[in-house]
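Visitor: Below, each chain spelled out in residue letters.
Number of protein chains: 2
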Amino acid sequence: MIQGNFAVAQSGGPTAAINATLLGVIKEAISNGRKIYGMVNGILGAVNNNFVELNSTFEKEENCELLKLTPAAYLGSCRFKLPDTDEKKELFEQIFENFNKLNITMVLYIGGNDSMDTVKKLSEYALKNGKNVSFVGVPKTIDNDLMGTDHTPGFGSAAKFVATTVSEIARDSAVYANPSATIIEIMGRNAGWLTAASALARSKTSSAPHLIYLPERPLSVKQLIEDVKNCPEKNIIIAVSEGIRNENGIYFSNLDCNLSHDEFGHAQLSGSASVVESIIKDNFGIKTRSVELNVLQRCSSHFASLTDLDESVMIGSAGVKAILEGQTGIVMGFNRIGDYKIEIISNKATDVANLEKAVPSDYIAENGHDVTEKALKYLSPLIMGEPQMITENGIPKHISLK
Amino acid sequence: MIQGNFAVAQSGGPTAAINATLLGVIKEAISNGRKIYGMVNGILGAVNNNFVELNSTFEKEENCELLKLTPAAYLGSCRFKLPDTDEKKELFEQIFENFNKLNITMVLYIGGNDSMDTVKKLSEYALKNGKNVSFVGVPKTIDNDLMGTDHTPGFGSAAKFVATTVSEIARDSAVYANPSATIIEIMGRNAGWLTAASALARSKTSSAPHLIYLPERPLSVKQLIEDVKNCPEKNIIIAVSEGIRNENGIYFSNLDCNLSHDEFGHAQLSGSASVVESIIKDNFGIKTRSVELNVLQRCSSHFASLTDLDESVMIGSAGVKAILEGQTGIVMGFNRIGDYKIEIISNKATDVANLEKAVPSDYIAENGHDVTEKALKYLSPLIMGEPQMITENGIPKHISLK
Chain Z
1 MIQGNFAVAQ SGGPTAAINA TLLGVIKEAI SNGRKIYGMV NGILGAVNNN FVELNSTFEK
61 EENCELLKLT PAAYLGSCRF KLPDTDEKKE LFEQIFENFN KLNITMVLYI GGNDSMDTVK
121 KLSEYALKNG KNVSFVGVPK TIDNDLMGTD HTPGFGSAAK FVATTVSEIA RDSAVYANPS
181 ATIIEIMGRN AGWLTAASAL ARSKTSSAPH LIYLPERPLS VKQLIEDVKN CPEKNIIIAV
241 SEGIRNENGI YFSNLDCNLS HDEFGHAQLS GSASVVESII KDNFGIKTRS VELNVLQRCS
301 SHFASLTDLD ESVMIGSAGV KAILEGQTGI VMGFNRIGDY KIEIISNKAT DVANLEKAVP
361 SDYIAENGHD VTEKALKYLS PLIMGEPQMI TENGIPKHIS LK
Chain A
1 MIQGNFAVAQ SGGPTAAINA TLLGVIKEAI SNGRKIYGMV NGILGAVNNN FVELNSTFEK
61 EENCELLKLT PAAYLGSCRF KLPDTDEKKE LFEQIFENFN KLNITMVLYI GGNDSMDTVK
121 KLSEYALKNG KNVSFVGVPK TIDNDLMGTD HTPGFGSAAK FVATTVSEIA RDSAVYANPS
181 ATIIEIMGRN AGWLTAASAL ARSKTSSAPH LIYLPERPLS VKQLIEDVKN CPEKNIIIAV
241 SEGIRNENGI YFSNLDCNLS HDEFGHAQLS GSASVVESII KDNFGIKTRS VELNVLQRCS
301 SHFASLTDLD ESVMIGSAGV KAILEGQTGI VMGFNRIGDY KIEIISNKAT DVANLEKAVP
361 SDYIAENGHD VTEKALKYLS PLIMGEPQMI TENGIPKHIS LK
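Listed in order, the protein sequences are those of chains Z and A. Counting from 1, one number per residue, gives the positions in the first sequence under this note's numbering. Counting from 1, one number per residue, gives the positions in the second sequence under this note's numbering.
FYI, nobody ran anything at the bench for these hints, they're computed from the structure. Honestly, I wouldn't trust all of these hints.
You can't tell identical chains apart in this list, so a pair holds if it fits in one copy or across any two.
[Stated by the list, open to error] DSS-like mimics (lysine-lysine), calculated; alpha carbons at most 30 Å apart, straight line:
| hint | residue 1 | residue 2 |
| --- | --- | --- |
| 1 | K357 | K287 |
| 2 | K101 | K35 |
| 3 | K101 | K89 |
| 4 | K234 | K128 |
| 5 | K204 | K374 |
| 6 | K402 | K377 |
| 7 | K402 | K229 |
| 8 | K88 | K402 |
| 9 | K35 | K341 |
| 10 | K341 | K229 |
| 11 | K341 | K287 |
| 12 | K128 | K397 |
| 13 | K204 | K60 |
| 14 | K89 | K397 |
| 15 | K374 | K397 |
| 16 | K287 | K81 |
| 17 | K131 | K357 |
| 18 | K287 | K35 |
| 19 | K60 | K81 |
| 20 | K81 | K357 |
| 21 | K287 | K128 |
| 22 | K35 | K204 |
| 23 | K81 | K234 |
| 24 | K81 | K377 |
Just so you know, these numbers come straight off a predicted model, no measurement behind them.
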């Protein structure tokens, strides 16, 4: 067992579950009788010697429950890419000096792709320069595009938000007798995992979304028009990834099309959904509407996936166990057994950092506008269950550092 | 007690609670041993003889629970304005003939402002032409802008969605160390009730939103810049109504300003939030983001206000009681007693149809960018409580007509 104290940081874009992972880390450190410090704003906290002691707050069970249900990053985040290890030695020395002041020998870093690069660099520097500090990465991202894990913590809650919201918008769109098209824009510039999850909105009483477009599959304007023409639905619901591209690789959001104007005379554009909306309006003359789910996909936590939250706690806790046993330079991950059980695994940070995992082609229907049964089987278990919310004055109660 | 059967319709834009009101109507009719028919797509159902029998479906308790939790309009809706009673007599005769075929003598019409005009016209026509059919309106709208009622069914759930979502977006925005402004656009072109409800996002751990702009108060670009300059927050959250106007009465969404471009080179515009975003970006050079809550405000039902849902059932039921006792040409409403109890009242449809209720000036702070304590006291009880959701495959289960 490694001696010394823990530090933990959160990095990259927030999710509904990144604080659940933080909770898993904190609880496991406390249950091992160790001190644990939070680095404020990711690696910047270590650079600037901005640490916060976490034991006293999270020895109280009510604060633990609140942390699990609070969206975004309790410790703050950063988008700071560490330079190469031999490039700016003084920066690395400063970080390790600050760790040393608090006797921090074990650092858990919760983040996405770029953050795993931080884990890789710091662990390599420590090994090369005889620093007695270990680093373990714990993944998170709503995008689900990390290698070396069945899925990422945070994705399940975002997927549940997408599926739930698409199902509600479909109800809303279906109330009028006149034909309409509603286009819903979903996050994911290169990987269409979240857009694929919109298929989970379907139920015995709704077949929406009727068309689903992922960035993994080029979409010509001609094909889009053909698909809409062939769709038998009166009120069409279309789920599009923000990153859909045409056959020449040009983002739809950059297409120079004849944009429609709304009743106030201003052009309706912004993202891929607005462009798809304009194309449909111009070609079919039906009522159209585009809805961008925007940051709600990553911060809506009042109907999170309990599976996601529980797994996020679990992987945080597993990271602590691994580092205590002497591991460094690794990133934790999930392995799926049957349908559906999860075991925790780990990969070398060098093997997973800076890579992106796209939706595989056998998850995308041949017609290019749907997902396959295999995709649904993969996605479905990830959105199961809901946490019991704690509310105050009618809204969810959160916990904050300040 | 009036003899005969019931009909019920839903009209105008959907809400999260309009089906709860429908449930109140159906249950009360059934408990009085009557037959009840749904008019499909509002008054169009009566015009086109498109009725659906409701007793058999809603004698099952599980379907009642689902109806209460299903957003949008179970019976479909319409935006059809009836002509004047002496203008198109054959249309009115057709409607009453269709009612007569099913022995419908009592009609409940659930809707907003325009729908109360339908109640007014049909009840007047019936009285003038000796038709034995009574009409009672039951209000709904997320906009809360109807006269003759303390608040409208549907508003509380939309207000709770706005408050909850603003609180979550505020967490998301606060994670980075760099200054930023996030502008959230909320529905309400002439009345700022929903935007005012964003103030309910504040808690012991968050002071967001920091600036709130309602359409009732003109806002000059100069004042906006001044307000942002004076705001001490690092990560500013601004709630704007879609209908904010400048000192010359021009909608912000129509302002011809120097629009910023995002990293993909396309202009970022559409509504008032985008214009406010551009102004802040151009004047302060900080990171900005605008979020349009869009239709989610009216269809997000998975975290509805239980107070709203329960009151919506209650007012539907009260409408049935009133019509059975011989009332016609009235619109049901809420009267608030103390803080907080509700009693059901009614008004003549002629007194409330086609009018709009704005946010009163003593609900708006003198500085023009906040609401008063009085507003908070009014709004707060309306968002209390949450229903226990029924889910299937990880998403809320709904009921649908088809």
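Visitor: Determine for every hint whether it applies to the structure shown.
Guide: Verification of the supplied hints:
no., hint, in the structure
1, K357 - K287, "between (36 Å within a copy, 29 Å between copies)"
2, K101 - K35, "within (13 Å within a copy, 78 Å between copies)"
3, K101 - K89, "within (18 Å within a copy, 88 Å between copies)"
4, K234 - K128, "neither (64 Å within a copy, 39 Å between copies)"
5, K204 - K374, "within (19 Å within a copy, 46 Å between copies)"
6, K402 - K377, "between (42 Å within a copy, 27 Å between copies)"
7, K402 - K229, "between (54 Å within a copy, 23 Å between copies)"
8, K88 - K402, "neither (32 Å within a copy, 65 Å between copies)"
9, K35 - K341, "neither (32 Å within a copy, 50 Å between copies)"
10, K341 - K229, "neither (42 Å within a copy, 53 Å between copies)"
11, K341 - K287, "neither (45 Å within a copy, 41 Å between copies)"
12, K128 - K397, "neither (45 Å within a copy, 56 Å between copies)"
13, K204 - K60, "between (44 Å within a copy, 18 Å between copies)"
14, K89 - K397, "neither (43 Å within a copy, 57 Å between copies)"
15, K374 - K397, "between (38 Å within a copy, 23 Å between copies)"
16, K287 - K81, "between (45 Å within a copy, 19 Å between copies)"
17, K131 - K357, "neither (33 Å within a copy, 68 Å between copies)"
18, K287 - K35, "neither (59 Å within a copy, 36 Å between copies)"
19, K60 - K81, "neither (34 Å within a copy, 59 Å between copies)"
20, K81 - K357, "within (21 Å within a copy, 53 Å between copies)"
21, K287 - K128, "neither (63 Å within a copy, 38 Å between copies)"
22, K35 - K204, "between (51 Å within a copy, 28 Å between copies)"
23, K81 - K234, "between (49 Å within a copy, 22 Å between copies)"
24, K81 - K377, "neither (36 Å within a copy, 47 Å between copies)"
The structure fails to meet hints 4, 8, 9, 10, 11, 12, 14, 17, 18, 19, 21, 24 from the earlier list, while all remaining hints are met.
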